[in-house]
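Undergrad: Below are the chains, spelled out letter by letter.
Number of protein chains: 2
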Amino acid sequence: MIDIEAFKRMSYGLYIVSSGNQDEGNGYISNSVFQVTAKPAQIAACCNKDNYTSKIIEKTGSYSISILHNEAETSVIDKFGYQSGADVDKLQGMKVEYGGTGVPIVLNSVIAWIECKVVKTVDVGTHIMFIGEVLQTEVIDDSKPSMTYKEFKEKKNRVAPANAPTHIEEPSDSDETSGKSSSGKYQCTQCGFIYDDSEEDTPFEDLPDDWTCPVCGAKKSDFKPI
Amino acid sequence: MIDIEAFKRMSYGLYIVSSGNQDEGNGYISNSVFQVTAKPAQIAACCNKDNYTSKIIEKTGSYSISILHNEAETSVIDKFGYQSGADVDKLQGMKVEYGGTGVPIVLNSVIAWIECKVVKTVDVGTHIMFIGEVLQTEVIDDSKPSMTYKEFKEKKNRVAPANAPTHIEEPSDSDETSGKSSSGKYQCTQCGFIYDDSEEDTPFEDLPDDWTCPVCGAKKSDFKPI
Chain L
83 MIDIEAFKRM SYGLYIVSSG NQDEGNGYIS NSVFQVTAKP AQIAACCNKD
133 NYTSKIIEKT GSYSISILHN EAETSVIDKF GYQSGADVDK LQGMKVEYGG
183 TGVPIVLNSV IAWIECKVVK TVDVGTHIMF IGEVLQTEVI DDSKPSMTYK
233 EFKEKKNRVA PANAPTHIEE PSDSDETSGK SSSGKYQCTQ CGFIYDDSEE
283 DTPFEDLPDD WTCPVCGAKK SDFKPI
Chain S
83 MIDIEAFKRM SYGLYIVSSG NQDEGNGYIS NSVFQVTAKP AQIAACCNKD
133 NYTSKIIEKT GSYSISILHN EAETSVIDKF GYQSGADVDK LQGMKVEYGG
183 TGVPIVLNSV IAWIECKVVK TVDVGTHIMF IGEVLQTEVI DDSKPSMTYK
233 EFKEKKNRVA PANAPTHIEE PSDSDETSGK SSSGKYQCTQ CGFIYDDSEE
283 DTPFEDLPDD WTCPVCGAKK SDFKPI
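Note that the protein sequences, when read in sequence, are chains L and S. The first sequence runs 83 to 308 under our numbering. The second sequence runs 83 to 308 under our numbering.
Isolated chain L (complex conformation) (with noise of 0.2 Å):
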């Protein structure tokens, strides 16, 4: 038997994977990147073949990983964690440095950043792990400690999004779903985002059908009273 909470316990950092040139780059949050071996350093990032990002580090060999600090801004999460370089351009508004290889390095919320060229890829099925040779890095605040997966969970009410691959598909239960809270809150079944009657205008009932989750464009049917 598989029960996957045993997953659950395992820990990770929290991570922006970002990769392109000036002219196009986007990034995507990853608890998914580790390094593999110490001579010469090298760093496994594990990234969904649907990610827009997976075809652009395919496509320039090189990606960066910028450390996010454990108190990071929710919106540098959502931005880079529940949307689609395919829709915005995530990298517009941020702090960016380019590295040797032209690859864009997010600075917000960091405090350490790392430049990898891709020597090898693995096809893992619905993910392709990308390892990379380190070329240079960067600690850029030292007054922060990182911010672990858990603390992200936590925190942040945020769970891993679809495409990643520590996700855990929540039991659907269209009873549950179509319920009215007690407590007045309801969480997306997607990204983990909460939405509380008692801080918005309009209660979650009243919503109109084709309203979505502000964070990750769920639909209102994938909410569940909490």
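Rather than coming from a laboratory, the hints here were simulated on the basis of the structure. Incorrect hints may appear among the rest.
Identical chains blur together in the list; that is why a pair holds if it fits in one copy or across any two.
Derived EDC-like pairs: lysine to aspartate or glutamate, alpha-carbon spacing no greater than 20 Å straight-line [said to hold, decoys possible]:
hint, residue 1, residue 2
1, K121, D132
2, K267, E287
3, K226, E236
4, K262, D291
5, K306, E233
6, K90, E215
7, K90, D223
8, K306, D292
9, K199, D85
10, K90, E233
11, K90, E220
12, K267, D288
13, K301, D171
The hints should help you fit chain S onto chain L, whose structure is shown.
TA: Just chain S now, kept in the frame of chain L:
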């Protein structure tokens, strides 16, 4: 420039990766374990080619991941992290179950475990990455959180073993290494163990030259005053 401090900002968990069967089994401490896909659930474990366990995984094609809790016993970490299965039967005296593939699963200081069948091996230089499809998992203790790699280093005064992907080689400084510590404390550069004169019968300086680190077997000259 590669500032290795950037790597220290990345977050990981702490696991025992085991392989083998009832006749021959071994395990090692790893932080390089992560989920790479959700459908099907697949886990990657990155293992040094010199690791005794690495050879057993290659032979048997399966491994288990034991997720350590945040109060994991130092003796468990030291046994699996700083000794080699070539010298010691690490599973002797441990609480061990065997999975469907026959793989040993260590249960000491563990809150959950995952059994995997290798579906792909990736050569990444000094290390091999074993991509495993998850066969079964179990949460065995819901009362404690997982231990993070950061907590392991802080609580246990340990550093990543020389075989770990995240091992950082401290610059050797012969003046410092042979110097006297004003605090009476000397740290092993290989495993992080601290020899504290105030807690020992023999001051560090009076130990014989062939004395070795009780945790990892490093030489006396591998210690530095702190």
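Undergrad: Would you mind marking each hint as holding or not holding in the structure?
TA: Cross-check of the supplied hints:
1. K121 to D132: Between. Shortest inter-copy distance 14 Å satisfies the 20 Å Cα cut-off; intra-copy 32 Å does not.
2. K267 to E287: within (11 Å within a copy, 64 Å between copies)
3. K226 to E236: This pair counts as both: shortest intra-copy Cα distance 18 Å, inter-copy 16 Å.
4. K262 to D291: This pair counts as within: shortest intra-copy Cα distance 15 Å, inter-copy 74 Å.
5. K306 to E233: For K306 and E233, the Cα distance exceeds 20 Å both inside one copy (22 Å) and across copies (35 Å).
6. K90 to E215: Between copies only: 17 Å across chains, 29 Å inside a chain, cut-off 20 Å.
7. K90 to D223: between (29 Å within a copy, 13 Å between copies)
8. K306 to D292: within (16 Å within a copy, 66 Å between copies)
9. K199 to D85: between (37 Å within a copy, 16 Å between copies)
10. K90 to E233: Answer is both: 13 Å inside a copy and 18 Å across each meet the 20 Å cutoff.
11. K90 to E220: Only across copies: K90 and E220 sit 11 Å apart there, 30 Å inside one copy, limit 20 Å.
12. K267 to D288: within (13 Å within a copy, 67 Å between copies)
13. K301 to D171: Close neither inside one copy (23 Å) nor across copies (55 Å); limit 20 Å.
In summary, the structure is inconsistent with hints 5 and 13 from the numbered list given earlier, while agreeing with the others.
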